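Protein chains in written order, with my numbering: chain A, 1 to 291; chain B, 1 to 175.
Keep in mind that the hints were calculated from the coordinates and are not lab data.
Treat the hints with care, as some may be off.
[Said to hold, decoys possible] Result set (BS3-like, lysine-lysine): computed pairs, CA atoms no more than 25 Å apart in a straight line:
1) Lys113/B x Lys74/A
2) Lys102/A x Lys96/B
3) Lys33/B x Lys113/B
4) Lys102/A x Lys74/A
5) Lys113/B x Lys102/A
These figures come from a predicted structure and were not determined experimentally.
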Amino acid sequence: MSKLTIVAAVTVVSWLAPVRMHAAQIRLPEGAVAGQPMAISTTGQGQSQARLYLVGPAQVIQRRVQLGSDVQIKGEELRSAGRWIAILREGDRSSSQVFWVKPGAPENLNFLARPSRVPVARPRVISGVAFVFDRNQNLVLQPTPVKFSLSVGDASASQTVTSREGVAWVNSSSARRAGAAQFVAVAGETSVRRVVQQVASDPCNLRMHVAQHSTAGIVVETDPIRDCTGNPVPDGTIVTFIQTDSHGKSAVDARIKKGIARAQLPDSSSATITVASGVVLGNELHVGGGQ
Amino acid sequence: MSMQVKSIVAFALAAGLTFAVTPWLKSILADAKPTVQLNVDNASPRQVDDGVQRAIVRDYAAAWQSLGSALADNNAGGLQDDFIGFALDKLKQRIKDQQQSGLRTRIVDRGHKVDAIFYSLDGSAIELRDTVTLDTQVLDGDTVLHSDHAQIRYFVVMTGAEDRWKVRVLESAPE
Chain A
1 MSKLTIVAAV TVVSWLAPVR MHAAQIRLPE GAVAGQPMAI STTGQGQSQA RLYLVGPAQV
61 IQRRVQLGSD VQIKGEELRS AGRWIAILRE GDRSSSQVFW VKPGAPENLN FLARPSRVPV
121 ARPRVISGVA FVFDRNQNLV LQPTPVKFSL SVGDASASQT VTSREGVAWV NSSSARRAGA
181 AQFVAVAGET SVRRVVQQVA SDPCNLRMHV AQHSTAGIVV ETDPIRDCTG NPVPDGTIVT
241 FIQTDSHGKS AVDARIKKGI ARAQLPDSSS ATITVASGVV LGNELHVGGG Q
Chain B
1 MSMQVKSIVA FALAAGLTFA VTPWLKSILA DAKPTVQLNV DNASPRQVDD GVQRAIVRDY
61 AAAWQSLGSA LADNNAGGLQ DDFIGFALDK LKQRIKDQQQ SGLRTRIVDR GHKVDAIFYS
121 LDGSAIELRD TVTLDTQVLD GDTVLHSDHA QIRYFVVMTG AEDRWKVRVL ESAPE
């Protein structure tokens with residue numbers, strides 16, 4: 001254990017040792033901001049040429065500098081926020097300094113809206129997450145108000161959330177009306193829109209009747225199928241009709257077409273027919289046998 | 001052999017051994033997966049389950065390992081396994097700039113203390129706050145231009161990809 005400690009200590013010392021002292025110095029401004037210009041001043045003789053390296057999280061800026069003069073870094077050059085290292089190299093001597101660059105103002109949102117399709121009138125089923133970025137895609141860590149709004153037709157609801165450490169999120173209920181909901185996140189001048197398709201929920205009051213009864217069979221059809229808030233259940237949704245009689249059980253899966261589902265079942269003198277869609281049971285019919 | 005001679009021999013051997021193993025030790029430290037301690041107690045709005053915790057620890061450590069290799073070798077080839085989106089674009093640009101400047105960066109990663117601070121309801125994105133201890137050297141060839149040992153705070157966004165979590169945002173910030 002102690003040998004390891006010694007080896008580690010020697011390693012650290014060997015790492016730190018090569019940095020030379022007494023080189024020309026760099027003076028860095030405090031509060032540098034990504035996307036904004038910055039001036040760096042150097043000390044030393046005016047005639048000496050040196051090289052300045054700015055090593056940032058996502059870039060390296062390199063300049064030849066006249067010692068004693070200022071170096072101007074343009075806003076479009078200083079793109080990445082975070083920890084930077086400024087190195088001034090003059091011949092075989094170098095001096096260095098760590099400095100920080102803050103993210104710029106919020107200008108971009110990365111907005112995740114889930115799910116893309118959701119039943120109506122469900123509590124807290126839609127989630128919106130917005131990551132706030134500046135122009136150069138740096139995460140803006142300063143608290144930023146983000147307004148989330150969800151609207152379908154005339155119905156609209158909005159909520160403003162202040163981001164924490166770059167992220168703001170909401171959890172919304174779906175509206176009572178089916179349709180393409182516009183889910184919008186806004187931060188400052190930036191807005192991002194997503195569409196959440198709100199579809200009818202499970203059928204409500206599922207009812208069927210006998211449309212035709214002949215020796216060819218029994219034709220049953222439903223009333224127009226709607227959910228509990230009155231939205232038509234989408235065409236294509238499966239409705240299952242089950243006929244039970246003395247011969248056994250017959251089941252037909254029919255798709256809703258133009259708002260209703262229809263099926264032809266075998267002829268029977270006495271049968272019980274039930275209807276269901278998903279977990280929703282409808283009414284029950286007794287055919288023949290005095291019904 | 002006198003005591004003094006023995007001491008000199010022992011010192012010479014120790015110095016020689018240190019000289020010999022230092023590059024090897026450095027490379028071992030650079031190539032090893034760093035330690036990641038993950039705390040999920042403050043994650044919201046969704047709790048982070050055990051399987052996700054294990055995956056985050058594994059994939060975040062792998063990301064730092066490949067970051068260290070990429071910056072040291074100026075080779076972005078392996079980054080896409082662990083980084084995606086802005087983080088990948090930025091690291092590729094950094095490596096390209098390093099190549100053009102003739103620089104490279106060597107980091108020795110001494111471990112991460114990570115707090116999960118956000119985990120999305122749908123489980124697709126997680127934000128971490130990481131306090132990492134790093135030794136950093138900026139080199140021109142074998143000449144060390146800068147060297148420091150620091151504790152640095154990072155904000156990290158990871159998103160679920162095909163078979164792993166990938167780093168989408170990696171941004172350092174002052175304490």
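**Report entry** Those earlier numbered hints the structure runs against, lowest number first
**Finding:** 1
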